[in-house]
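S.K.: Sequence:
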Amino acid sequence: MLLQIASDLHLERFETAGAPDAFLDRVESDVLVLAGDIHRLHRVSGLFSDWPVPVVYVHGNHELYHRNYGAAIRRARLQLAQTNIHFLEGQERVIGSVRFLGCCLWSDFALHGMTGPAMSYAQDYTPDHKIIFNGRKRTLTPSDTRATHRDSVAWLESKLRQPFPGKTVVVTHYAPSNVAWLSGRAG
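Take the sequence shown: its letters are residues 1 to 187, numbered as in my numbering.
None of these hints come from the bench; they were simulated from the model.
In this text, all values refer to a predicted model and were calculated from it rather than measured experimentally.
Warning: the hint list may mix true and false statements.
[Stated by the list, open to error] Here are the computed distance ranges between Cβ atoms for each label pair:
hint, residue 1, residue 2, range
1, T139, G46, 26 to 34 Å
2, T115, D25, 22 to 30 Å
3, L3, K137, 35 to 43 Å
4, R136, G113, 34 to 42 Å
5, M114, R138, 22 to 30 Å
6, M1, Q162, 13 to 21 Å
7, D25, Q162, 33 to 41 Å
8, N68, S158, 22 to 30 Å
9, P117, D25, 40 to 48 Å
10, S7, H66, 18 to 26 Å
11, R74, P52, 22 to 30 Å
12, Q91, R136, 19 to 27 Å
Just so you know, even glycine gets a beta-carbon here, dropped at the ideal spot from N, CA and C.
Given these sequences and hints, build the entire structure.
M.R.: As structure tokens, then:
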């Protein structure tokens with residue numbers, strides 16, 4: 001299976017982002033993988049619903065700016081279910097003989113083993129924790145995204161332990177973390 005992969009296009013910054021052909025070549029592929037920070041979450045369907053091959057899409061952090069996290073994910077699931085775009089946030093999709101597992105995989109803030117300072121820095125300086133909302137009255141916190149990261153890792157570990165007769169592709173927006181399943185040491 002041939003994959004075309006795009007990430008961090010940030011089309012929300014461009015006035016001319018009306019047609020996908022203006023920013024992404026249509027190359028010979030079987031699946032287009034969009035790995036986050038493409039455009040505002042509600043705009044992705046208008047851009048890629050007519051793409052000539054199935055689209056696997058995982059959101060990034062920027063898709064959620066000025067949105068309520070949970071509500072935006074629920075709306076995206078409903079909106080994209082009516083298209084050829086397979087929105088994966090803790091979900092799997094089999095296309096042909098390939099299983100796609102997808103999630104944003106927010107940061108666990110533990111890359112260098114000092115989660116406290118990393119989370120404090122993120123709270124103070126990262127726009128994600130100032131303009132993405134978690135409910136009506138508060139913004140998404142580093143603790144929220146770390147908990148989501150842990151849930152995603154547990155889900156991925158569970159899925160990767162399940163036998164599958166074909167290939168498996170894991171799609172995330174954030175870089176994989178330093179966990180056992182990435183190095184083949186998963187039980």
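S.K.: Range hint 18 to 26 Å: satisfied by the CB atoms of S7 and H66?
M.R.: 21 Å, holds
S.K.: Is the distance from the Cβ of Q91 to the Cβ of R136 consistent with 19 to 27 Å?
M.R.: 26 Å, holds
S.K.: If you check the beta carbons of N68 and S158, does the distance land in 22 to 30 Å?
M.R.: Between N68 and S158, where Cβ atoms are some 27 Å apart, the hint holds.
S.K.: Starting from the hint 35 to 43 Å, judge whether the C-beta atoms of L3 and K137 obey it.
M.R.: Roughly 41 Å apart at Cβ, these two residues keep to the hinted range, so it holds.
S.K.: When you take the CB atoms of T115 and D25, is the distance between them in 22 to 30 Å?
M.R.: At 40 Å between Cβs, range violated.
S.K.: Taking the CB of R74 and the CB of P52, does the distance hold inside 22 to 30 Å?
M.R.: Once the Cβ atoms are compared, 28 Å apart, the range 22 to 30 Å for P52 and R74 holds.
S.K.: The hint says 40 to 48 Å between P117 and D25; measuring C-beta to C-beta, is that right?
M.R.: For P117 and D25 the Cβ distance comes to about 42 Å; the hint holds.
S.K.: Against the range 22 to 30 Å, how does the distance between the Cβ atoms of M114 and R138 compare: consistent or not?
M.R.: For M114 and R138 the Cβ distance comes to about 25 Å; the hint holds.
S.K.: Given a hinted range of 34 to 42 Å, is it respected by the beta-carbon distance of R136 and G113?
M.R.: For R136 and G113 the Cβ distance comes to about 35 Å; the hint holds.
S.K.: Quick check: does the Cβ-Cβ distance between M1 and Q162 fall within 13 to 21 Å?
M.R.: 20 Å, holds
S.K.: Okay, D25 versus Q162 on CB: inside 33 to 41 Å?
M.R.: About 35 Å separates the Cβ atoms of D25 and Q162, which means 33 to 41 Å holds.
S.K.: Using the beta carbons of T139 and G46, state whether their distance is inside 26 to 34 Å or not.
M.R.: 27 Å, holds
The structure does not agree with numbered hint 2 stated previously, though it agrees with all others.
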